[in-house]
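Based on the provided sequences and hints, a complete structural model is requested.
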Amino acid sequence: MTRRLLSGWGGTAAVISDVREPITVAEVGAALAEPDRGVIGRGLGRSYGDAAQRAGGVVVSTLGLRSPVTVDTDSATVTAGAGWSLRELIDELVPLGWFFPVVPGTADVTLGGAIAADVHGKNHHRSGSLGSHVRSLDLITADGRLHRLDPQGASGRAFWATVGGMGLTGVITEATVALRPVAGDRLAVTTRRHGDIDAVMTALVEADAAHEYTVAWLDLADPARGGRGVIDAADHLDQAAPVRATGSTRATVPPLPVNVVQPPVTRVFNEIWWRRAPLRPRTTAGSFARFFHPLDAVASWGRLYGPTGFTQWQMAVPVDAADAVRTCAERLANGTVPPSLVVLKRFGAADAAPLSFPQPGWTLAVDLAANDPATATLLDALDDVVVGAGGRIYLTKDARLRPDLLAAMYPRIDEWRAERDRLDPGRRMASDLSLRLGLV
Amino acid sequence: MNDAFGRPQTALVVGGGSDLALAVLDRLDVTLVRVGLAARSADALASAVADRFTAEVRTFHFDAADPTEHATMVDEAAEWLGDIDLAIVAHGDLGQPFSLETTPEEVARLISVNHAGAAAACQAVARCLAAQGHGTLVAFSSVAAMRPRLGNLPYASAKAGFDAFALGLDHALAGTGARVMVVRPGFVHTKMTAGLAPQPLATDAAAVADAVVDGLVKGKSVVWAPAPLALTPALRILPKALWRRLSER
Ligand SMILES: Cc1cc2nc3c(=O)[nH]c(=O)nc-3n(C[C@H](O)[C@H](O)[C@H](O)COP(=O)(O)OP(=O)(O)OC[C@H]3O[C@@H](n4cnc5c(N)ncnc54)[C@H](O)[C@@H]3O)c2cc1C
Numbered sequence: 001m002t003r004r005l006l007s008g009w010g011g012t013a014a015v016i017s018d019v020r021e022p023i024t025v026a027e028v029g030a031a032l033a034e035p036d037r038g039v040i041g042r043g044l045g046r047s048y049g050d051a052a053q054r055a056g057g058v059v060v061s062t063l064g065l066r067s068p069v070t071v072d073t074d075s076a077t078v079t080a081g082a083g084w085s086l087r088e089l090i091d092e093l094v095p096l097g098w099f100f101p102v103v104p105g106t107a108d109v110t111l112g113g114a115i116a117a118d119v120h121g122k123n124h125h126r127s128g129s130l131g132s133h134v135r136s137l138d139l140i141t142a143d144g145r146l147h148r149l150d151p152q153g154a155s156g157r158a159f160w161a162t163v164g165g166m167g168l169t170g171v172i173t174e175a176t177v178a179l180r181p182v183a184g185d186r187l188a189v190t191t192r193r194h195g196d197i198d199a200v201m202t203a204l205v206e207a208d209a210a211h212e213y214t215v216a217w218l219d220l221a222d223p224a225r226g227g228r229g230v231i232d233a234a235d236h237l238d239q240a241a242p243v244r245a246t247g248s249t250r251a252t253v254p255p256l257p258v259n260v261v262q263p264p265v266t267r268v269f270n271e272i273w274w275r276r277a278p279l280r281p282r283t284t285a286g287s288f289a290r291f292f293h294p295l296d297a298v299a300s301w302g303r304l305y306g307p308t309g310f311t312q313w314q315m316a317v318p319v320d321a322a323d324a325v326r327t328c329a330e331r332l333a334n335g336t337v338p339p340s341l342v343v344l345k346r347f348g349a350a351d352a353a354p355l356s357f358p359q360p361g362w363t364l365a366v367d368l369a370a371n372d373p374a375t376a377t378l379l380d381a382l383d384d385v386v387v388g389a390g391g392r393i394y395l396t397k398d399a400r401l402r403p404d405l406l407a408a409m410y411p412r413i414d415e416w417r418a419e420r421d422r423l424d425p426g427r428r429m430a431s432d433l434s435l436r437l438g439l440v
Numbered sequence: 441m442n443d444a445f446g447r448p449q450t451a452l453v454v455g456g457g458s459d460l461a462l463a464v465l466d467r468l469d470v471t472l473v474r475v476g477l478a479a480r481s482a483d484a485l486a487s488a489v490a491d492r493f494t495a496e497v498r499t500f501h502f503d504a505a506d507p508t509e510h511a512t513m514v515d516e517a518a519e520w521l522g523d524i525d526l527a528i529v530a531h532g533d534l535g536q537p538f539s540l541e542t543t544p545e546e547v548a549r550l551i552s553v554n555h556a557g558a559a560a561a562c563q564a565v566a567r568c569l570a571a572q573g574h575g576t577l578v579a580f581s582s583v584a585a586m587r588p589r590l591g592n593l594p595y596a597s598a599k600a601g602f603d604a605f606a607l608g609l610d611h612a613l614a615g616t617g618a619r620v621m622v623v624r625p626g627f628v629h630t631k632m633t634a635g636l637a638p639q640p641l642a643t644d645a646a647a648v649a650d651a652v653v654d655g656l657v658k659g660k661s662v663v664w665a666p667a668p669l670a671l672t673p674a675l676r677i678l679p680k681a682l683w684r685r686l687s688e689r
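From first to last, the protein sequence lines stand for chains G and A. Start counting the first sequence at 1; every next residue gets the next number (our numbering). Start counting the second sequence at 441; every next residue gets the next number (our numbering).
What the hints contain is simulated information worked out from the structure, not anything from laboratory work. This structure is a prediction, so every number in the text was calculated from the model and none was measured. Treat the hints with care, as some may be off.
Claimed, not checked - DEER-style ranges, computed between Cβ atoms:
#1 G:Ala381 x A:Leu671: 32 to 42 Å
#2 G:Thr377 x A:His611: 27 to 37 Å
#3 A:Gly608 x G:Ser136: 50 to 60 Å
#4 G:Pro223 x A:Asp469: 25 to 35 Å
#5 A:Asp644 x G:Gln262: 25 to 35 Å
#6 A:Asp515 x G:Arg145: 32 to 42 Å
#7 A:Asp644 x G:Arg145: 57 to 67 Å
#8 A:Gly522 x G:Leu146: 25 to 35 Å
#9 G:Arg282 x A:Ala646: 33 to 43 Å
#10 A:Trp683 x G:Ala224: 46 to 56 Å
#11 G:Ala381 x A:Ser487: 27 to 37 Å
#12 G:Pro223 x A:Glu516: 43 to 53 Å
#13 A:Thr494 x G:Asp222: 29 to 39 Å
#14 G:Ala224 x A:Ala670: 35 to 45 Å
Even glycine gets a Cβ: it sits at the ideal position worked out from N, Cα and C.
Okay, structure coming up:
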């Protein structure tokens, strides 16, 4: 047992927890048994806010849950311990001709954490979120018992409460996930500039019809730029000899005493991102690493925001709420702090998990320094726009949502609560997120 | 829990009638769910702040002069609040203008209330925050702690002691997830200073509250309000005669 200061990827609201590092099922059960202030699982801590910490309580690190990675070619599935990172899994899988069905913007997440957040990738418009590719998972509940959960059948409710359940049903120890066959580790990537947000949105609809992976980067660093953007679209390339899949980290940012992501820097950064895109659309062969995880090239880049850290605000609104996207983009561009990285994507069908974030429509994500009360007020106002449009905020990114908006954003929350309470009647599973938002 | 911008969901104010503390709560009312106000005349305070906040408010009895009750009061408040995300220790008693006529008993009383009582309250809060693994304690010191004037000598010297204690307490809390932010307001137009002649850089409660909220977001350990007062300690290198003249301005 070690007492450790923990915070999410955004580096905000750090708290002290007792961290346990179990390896066996029995050890996980023991760790779940004791707490009086609650206990929660934690993978690689890539959630931005307070989902994987419990102040004064117990945090169960899942990094030791590494049962062997086995690929079953007949069923096209991989079974692995929940503590493996997607980076490690992809590195094993690609040379064998398989790819993970859904990869988020960083490969440094655990299998368990990815399921707990029901993560989505740039292929959501076609493939949905991770939950719909999970064939089964093993869960240890707070009473120390191990359950095998399947998406259908008797354990279906528990399965879908765990997918997207933010660790609040128990600790996932292992999962079986359906794979996508690939012939190599190269993609055909088409990059295209669009002069304003309307053009970006129209083009994104078209790109989704034509490509497996799509994403748009918006330039909101200056309202005069009208929300211009760059769309990256990609498809797997056939290729004879797979090499390295995820690539390795090239640089590290040391802890910085101040936030260097200041408005002038942001404007230049966005300008570079814009100019990086060719004047005329161009298709090139790209690596998985550059396309899926461009930010992973710099370790700990979050430190650029200095000691006060940053937050990511990610919303999803229905298909017919394109106006809400424009309103949010406009208000962000006119805010006191120009946002640096803004990502726009379209979501396809939702899965069956009551707390899953993606719903058919638009998703907008933005990183903002957490050092100005005006930014907090702006995001509060944007939440209201999102709720008004029938949308929601992504819990794994959140560190500041007002709890009174939760039920409107997640209308199936009571269904989730009922199943969660059945799995953990003593309400021992708890995170700072669950307390802050009154999830449980 | 505190959010990414240092905004709390629960707060305990020791010296709950303080205009400055209440102004801070006005600013934080967006996220506050429950607020505990501890004061000597808890009932009067309860009716005074009725309807001021959307957060649920409960008052607790607190007498700065009786440190034996502080720990129980804090435990009781914490029990009702859940966790204490933010605690503000804000009570203060300026007393009558100081002179050689002031009785030794009155000097002892002012120092006991402003220093011993406040430090003991901070200690009770700090133990609670350390146990819960998070939380911020805002300790209201005063620019007087750095620059006493004759007229407020007992108050100022008590604040100097309290300020030193609060800074040290932040050090003691290192590694617990909790922290202390010391706030040093200058002359603020409040009921405590009503009738006194304002000094240079006088400010109001709303401006102090803004500075406190900004300090919470930025994770500051010391906040001066207004900010230029941060130069005060530097003035101490001035020759004594000049320093005294400045201090009386
Ligand atoms: C640069 C970057 C880009 C990202 N891009 C995307 C993206 O494109 N799409 C997307 O969907 N997300 C994205 N994310 C978010 C990230 O995928 C999720 O936050 C993910 O949950 C992080 O996994 P982790 O292992 O770090 O989990 P942690 O952050 O450690 O934990 C996250 C949650 O999962 C729970 N949890 C972790 N392990 C287990 C377990 N074994 N059993 C039960 N519960 C568990 C925790 O309790 C917590 O609630 C991104 C994050 C970063 C930093």
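Now the hints, each set against the structure:
1. G:Ala381 x A:Leu671: 32 to 42 Å: holds (37 Å)
2. G:Thr377 x A:His611: 27 to 37 Å: Holds: the Cβ-Cβ distance is about 33 Å, inside 27 to 37 Å.
3. A:Gly608 x G:Ser136: 50 to 60 Å: Distance hint for Gly608 of chain A, Ser136 of chain G holds at roughly 55 Å.
4. G:Pro223 x A:Asp469: 25 to 35 Å: holds (30 Å)
5. A:Asp644 x G:Gln262: 25 to 35 Å: Since the Cβ atoms of Asp644 of chain A and Gln262 of chain G sit about 30 Å apart, the hinted range of 25 to 35 Å holds.
6. A:Asp515 x G:Arg145: 32 to 42 Å: Given about 36 Å between the Cβ atoms, the range holds.
7. A:Asp644 x G:Arg145: 57 to 67 Å: Holds, at about 60 Å.
8. A:Gly522 x G:Leu146: 25 to 35 Å: Given about 32 Å between the Cβ atoms, the range holds.
9. G:Arg282 x A:Ala646: 33 to 43 Å: violated (55 Å)
10. A:Trp683 x G:Ala224: 46 to 56 Å: Hint holds: Cβ distance 52 Å, inside 46 to 56 Å.
11. G:Ala381 x A:Ser487: 27 to 37 Å: holds (33 Å)
12. G:Pro223 x A:Glu516: 43 to 53 Å: holds (51 Å)
13. A:Thr494 x G:Asp222: 29 to 39 Å: holds (36 Å)
14. G:Ala224 x A:Ala670: 35 to 45 Å: holds (37 Å)
The structure fails to meet hint 9 from the earlier list, while all remaining hints are met.
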